[in-house]
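Residue numbers (full-length UniProt numbering), protein chains in the order written: chain A, 1 to 654; chain B, 1 to 654; chain C, 1 to 654.
Note that these hints are calculated values from the structure, not bench results. Some clues are possibly wrong.
Copies of the same chain look alike in the list, so a pair counts if it fits in one copy or across any two.
Stated by the list, open to error - As a list, the in silico SDA-like pairs of lysine to any residue whose alpha-carbon atoms are at most 20 angstroms apart:
1) Lys460 / Arg588
2) Lys460 / Asn592
3) Lys333 / Glu376
4) Lys3 / Ala388
5) Lys333 / Ile545
6) Lys333 / Asp559
7) Lys87 / Glu197
8) Lys3 / Pro612
9) Lys460 / Pro450
10) Lys87 / Ile123
11) Lys3 / Met613
12) Lys333 / Ala527
13) Lys87 / Gly50
14) Lys333 / Arg524
15) Lys87 / Asp194
16) Lys333 / Pro530
17) Lys333 / Ala388
18) Lys333 / Ala547
Residue strings, one per chain:
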Amino acid sequence: MTKQRLGVCYYPEHWPEDLWTEDARRMRDVGLSVVRIGEFAWSRLEPEDGRYDFDWLARAIDVLHEAGLRVVLGTPTATPPKWLVDKMPDMLARNAQGRPRGFGSRRHYCFSYEPYARECERIVTALAQAFGAHPAVVAWQIDNEYGCHDTVESYSPAAREAFRRWCEHKYGDIGALNRAWGNVFWSMELSRFDQIELPHLTVTEANPACLLDFKRFSSDQVAAFHRRQVEIIRRHSPSRDILHNFMGAFTAFDHFAVGRDLDVAAWDSYPLGFLERSHRDEAFKRRFMRVGDPDFQAFHHDLYRACGAGRLWIMEQQPGAVNWAPWNPLPAKGAVRLWSFEAFAAGAEVVSYFRWRQAPFAQEQMHEGLLLPNSEPNEAYHVARAVARELESIDAKVETECADVALVFDYDSAFAWEIEPQGQDFSYFDLILDFYGGLRKLGLNVDVVPPTPEAMARRKLIVAPALFASSAALTRAFSESGALVLLGPRSGSKTEDFQIPPGLPPGDFRPLVDVAIQRVESLRPGAQIPVEAAENGAFVRWREIIAAGAEAAVLLRCDDGAPALTRRERFLYLAGLPNDLLRDALLRRLANEAGLTLIDLPEHIRLRDNGPMRYVFNYGERDFDLSPILGEASLLLGERRLPPCGVALFRRPG
Amino acid sequence: MTKQRLGVCYYPEHWPEDLWTEDARRMRDVGLSVVRIGEFAWSRLEPEDGRYDFDWLARAIDVLHEAGLRVVLGTPTATPPKWLVDKMPDMLARNAQGRPRGFGSRRHYCFSYEPYARECERIVTALAQAFGAHPAVVAWQIDNEYGCHDTVESYSPAAREAFRRWCEHKYGDIGALNRAWGNVFWSMELSRFDQIELPHLTVTEANPACLLDFKRFSSDQVAAFHRRQVEIIRRHSPSRDILHNFMGAFTAFDHFAVGRDLDVAAWDSYPLGFLERSHRDEAFKRRFMRVGDPDFQAFHHDLYRACGAGRLWIMEQQPGAVNWAPWNPLPAKGAVRLWSFEAFAAGAEVVSYFRWRQAPFAQEQMHEGLLLPNSEPNEAYHVARAVARELESIDAKVETECADVALVFDYDSAFAWEIEPQGQDFSYFDLILDFYGGLRKLGLNVDVVPPTPEAMARRKLIVAPALFASSAALTRAFSESGALVLLGPRSGSKTEDFQIPPGLPPGDFRPLVDVAIQRVESLRPGAQIPVEAAENGAFVRWREIIAAGAEAAVLLRCDDGAPALTRRERFLYLAGLPNDLLRDALLRRLANEAGLTLIDLPEHIRLRDNGPMRYVFNYGERDFDLSPILGEASLLLGERRLPPCGVALFRRPG
Amino acid sequence: MTKQRLGVCYYPEHWPEDLWTEDARRMRDVGLSVVRIGEFAWSRLEPEDGRYDFDWLARAIDVLHEAGLRVVLGTPTATPPKWLVDKMPDMLARNAQGRPRGFGSRRHYCFSYEPYARECERIVTALAQAFGAHPAVVAWQIDNEYGCHDTVESYSPAAREAFRRWCEHKYGDIGALNRAWGNVFWSMELSRFDQIELPHLTVTEANPACLLDFKRFSSDQVAAFHRRQVEIIRRHSPSRDILHNFMGAFTAFDHFAVGRDLDVAAWDSYPLGFLERSHRDEAFKRRFMRVGDPDFQAFHHDLYRACGAGRLWIMEQQPGAVNWAPWNPLPAKGAVRLWSFEAFAAGAEVVSYFRWRQAPFAQEQMHEGLLLPNSEPNEAYHVARAVARELESIDAKVETECADVALVFDYDSAFAWEIEPQGQDFSYFDLILDFYGGLRKLGLNVDVVPPTPEAMARRKLIVAPALFASSAALTRAFSESGALVLLGPRSGSKTEDFQIPPGLPPGDFRPLVDVAIQRVESLRPGAQIPVEAAENGAFVRWREIIAAGAEAAVLLRCDDGAPALTRRERFLYLAGLPNDLLRDALLRRLANEAGLTLIDLPEHIRLRDNGPMRYVFNYGERDFDLSPILGEASLLLGERRLPPCGVALFRRPG
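Generate coordinates for the entire structure from the input sequences, incorporating the hints supplied.
Here's what the structure looks like:
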């Protein structure tokens, strides 16, 4: 079992070299083990075309090594230097208006521009050759935050050409594409693949099937760009972990696909920044402004752990105020520690704070670090030291187990419902996050899984709302899982080609549930369809009119008599988007029936098991009495009266 | 008198040919008489440049004909195929930012690009020659929804050149243009017509006179484009009706001008979609989310009947949820029938549902039809059948008569106040619709008319608020009408050249009312000017300070003493935008004085006479007791206790 | 001491020549002394390239001269005619999307385009030679409202080239620029000045140091453009005043820098339009919709008086409703007079109404003037006459004295906090205006001053919140001033290069206050940090965590214990953005301690001394009893019971 450690992000190139040794000593002293460096340093590694300067980096790695620190080395391809952009100006991505997205910040490249990909191969090869065998280098980070600043999709000539070839490869002949996209509609039929245009600057919305393929193509370009670097590193730096740092609430590419070329899935966790940017209402944002959404971080831990086939890092952990949200409050006292343990509870191997020392210059100068710009400790410095000591004291290890509950998360579905929300506030991500929160409030551990047959095995409860397309394989997997399976709304409502299934939704899932979805409606804010049996429970934003077949029992009805929830054997179909009350009541009923052990948690208290170890977290503003949960167990962390931001740990009874 | 019928929109090219016969049989069986086809089928009619394939269309028409159905054939010019766009890429319109509006949806053409207009003439000629004499073809629809997706205005080089020639034709010499536009202001004077730029991408707002001429020019381009097809059809398909399907709440071109080249004005009525997109407040939208604005449809029926010189069709009638509004709820049970009869009450010859079968692919796959995608009946299928039976049972015919009340609607005024709202929420369309609703709530039938002298004849009450420019001819027509005439606010406040009249507003109308408008103000939301004599009545958004001449009596004053309503003989001037209470009180007073018979209707009940036949509609959520209105008459449709969405019909007593 | 006068803006080119003489006579009759003309007349002065037509202007000036009026002659460079734009299309500025900002309104030129600057020199030379010695011409206005419609910044090729040269001149070698901007961050390092790109169209935000330099450069381009005209006028029209008409709430260039090349700073005062466009809340906007923000005008008078080294004009004074705000209400009866005297109280030499007669055509036809379009008097005509009489009766003269209180306003700080608000509603302008209002509500006269050492002399209280960069010189000036000095929040938080000071904020100011700013946070609306000792006082939007040194006493603490206000000798540091209650309590305390005489004013009453003369203004809706303020003094204007919009004047006792 992997020991759980702390790390930090460090930019030796930002500081005078005479600070490095002292920095490394202090890192060690704090209890940090892992240091990420190099991911934005291209202009220092290759100051002009073809002239490498790796010496400084070698010295920096040596300094860290001598202090006993492990290095994660980043490839610098997220920030190509100016001389490279000047050499190949067409490497820039184009935005949806067709304008080049220029030099002067970061991620200024188009994934489809082949000459740039070759430049990346060149610099990565040189770096891997130089440092791939260095004993301090334990891992590589490929590029940085793919897609950040809306950079997955590019409307460049290179992207257009690549999309045409992608379509040709997928469909073979243009007639097949015309049929798949339904191009007979509005005379959109094409006679050659070279007639395909990128779906932008159209008079009104483009064909959703074309948009979906463009999103899949754009996602594939990210994965292909990524794979080229992975292959180089594997060759020149064997046995090192390869990782990438994903972002939060980000669905512009298929992270599972990139994950297939990773050893570890990492993500960058900024609870306060993400909360400010979320769709949560004003009251929620105010209440949690200093601790973050109680479920947001855990959701991503569970999601990305699946992306990493079980291996998870927090590559960047918010240590204080950030600079990039609409408002940037300071974390509550204790919040940074809370977030750290929330990650470890979910099986993170490393939690790495971003960044060591606050930079006094450039875009992120208002982003706090462990140190102030003048090298004095900031609050998170002390927090990190304390967490390091605690990790030691509890002998923290990754002990994650397969959860009884699987919540299906599917990037194609996120693409589909972004293209066709049908009601303008319909968000797949928010919907899934809400179901996650509902399950978690019952004290359950949840795996967030891709819609693959293998992910359904060994489950007691599978929740798969709004899963865009059905398939025979998944239908079989649901059947064979033995689990209670909740589908709907919108599950299976399209074919893979973004068409309504010939036999009506839920398509291939129809035999499971024996209902047909005939009509749907989206509901404006304030409109709702009450559902019987749940006090104040109702459908909001979305509801469906379903025809229940002979084998389907109607478990709940709407006040207007339409079926709200149906069941055939272990398969349930929910005919609308539930409000919180209905969702919570429903999940409780399902979890009980699935034989899961529920724990009644007050609002703001969350729980997570790391194997036999149970963590309890207090996101509220009042103390929480652990006694009923704790039972006879004795606390390894925390007190029986758990204060705000408190973390409790104990060995789960039984 | 024309018999009233049902129709449907059908896309044979979307379906396997072996479905057509059964489709036709079922249409007939439902009671549909009219089928619109072909309007988006260019890529099937001409798969490559110059190679026509009309056979399938001939077979489809024959199938419909054999089932006894009448065909409306659409010209396919709203969706030019990709090969044509590739052949002449400059045919694309340019948006206000100067970007081409590309292929991939519909309406991707510039009205001013002559080579495209010639291509349209070519395909329309071929179609008219092929099908113009077919006995099933009873009408032609030219193009589809001119202006949809904001496509009236184009900023292409072709549009610029055409606008220069249009100005040259209008003004003759550039000095006249400079004077008309007031170009001495800000040194905007020109010395040649070729110096004219389209009014976009200016540093701040462009000259309003230039903007107005650009809107008139753009409108003229639509009418000219339309006329070229009309002339071809007239030549090759004599004695068939020519129609176009207008949209709702759309004022980007002069529909009366296009109407002069139509036999029938049709429009596409989507009550729920239009309500969601309207400026109505949230409470209103929620209340009427399943039945639509009680006055919106009737207003357009009355407006477009005037555009069609008395002949009106509903070319597309919403049959269920649509896909294109911010939210897309299902209609209430009964709403589709309600909308159908509201149209027939207003004199529609045909109500045609959009569409026969829901398409499972492409942009409109979430738009419901009479059939589900799998050919099973959806709710509207049964509704259509019932309505067809009822039309038979009541022997429904168009019996529209000239209304006593004329409400003036003027597209130039819509242009003018869009250009110069002066208060950012001033909307000419909303203002007129509100006056329409006020009149209709008194149980009155209203003609919505253009500001032409002939439209003023045979009226008892003429309401003409915010009519942008006065004219001597209209002044005379008002005088000679014998009607009570309500002007103001903003009526006659400009010359045709968008200048303040030399003798102050209301310009030529001044002798009628003997007031001069000296000052105006727009009022922010929440600000209002109370008006005496109307409980809680007030001006909102807009008010004027007027000098009343010796012949003008002040009937109402604002609380600050300024005249609110003046009168000289039969001519009244209203010095502000009334809130609902003031507007309703004022209209009641005027209608009474004009000798009109008023009927006190509760909120949500509406009434409309089709000649001697009186319809009553219930847009509310409670039953309505018809007895007081019905008197001794006996019901042909509906019950004395009219339920929500109920329709009553009886022969008007007297 | 300069006599205070009225003026008006006049456009002879808009009217038939036979109106001019009568216009001049009526101006004189009203009591106007000064007439501004010519500033938009280029197309009439030079109808085609190189052909001047100055005769009409000469006749117009003579007519005005003969009526005894003084002329301010505008240079017409804000509205280059179409033939000039056609001759050099690259003269157009480019917006941030890179698009030319075209002909058709005004200000369509790029400050960096040298050929256009030479054309301006040519026309200005010709005008100065023709009219520079005319006895009626007493002053010149250079161009018009620099920066209006967001025209300071241009992204043209000319601007890019000029910015590269500006950077080269500032930094000398590219390494210095790289260090100053912190370009090592994100590999932004450059190797040649010609690699610099303008900071737009970047993938995410550009480097703040680059943005700041671009704003400084853009500001310098305005000043340089301005200076070239000034030098010509000085040469050909000696002893005439040179002025420019600035705008309100406008911070896109350094007005103090332009002011160094002015004899008089003028501004265009539109109280109602500016209020509508401001960030004030809805309730405030509604309450003051007809009188304007009680502090906004006075603030600008005090600011621009400093820009003009003590000499201030109101070049354009709102006389009625305007046309350009979201809503455009009429001023309250008395408001125009109130605004006029507010300006005279602040030392304005001239208040000039915009405009003489309302134009019936073009963009500003809804902007009222002293006359209606048909030459009848509008309300402001009578107001102007009355004010003129009053000025005579009180023998009004400029008697402004140096104020005890200095409020520092710094354009670089406005640039900096626009670039890096850190909380999205952080506005430097609003913050300073709020402090100004707080001081003014205590009955204090305030000088608004630049952050120059000399401006600090002879003060009792200096208020300098959010002053972006500290400097040794200013630190010394604060020390030597003998004044109580209030710094914070954000004061001295950056170096001039937009970096966090090496020794932490407040940088050079740190020795004065002996605190270090360690952390900051921005707070979302509704979040606040209560501060003890002020009932309901709190920090909002912004607060700082400070470490107080041994010499700093903590005067106030936040409820969470953090220092809120510290003091070392005469130097105070405020660790957050105060809400109204806290700000007012704090300013009262400081003013008392500074030995200033405070006057308790009810809400809506304002006061201003013009030397020994004290003005009192009533912006409220109720009468105000002057007795307590008036004491034994006798009123020169107004009554003891001062009505809404009332103005009182008396000789200050003592």
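Q: Could you check the structure against the hints above and give me the numbers of any it violates, in ascending order?
A: none
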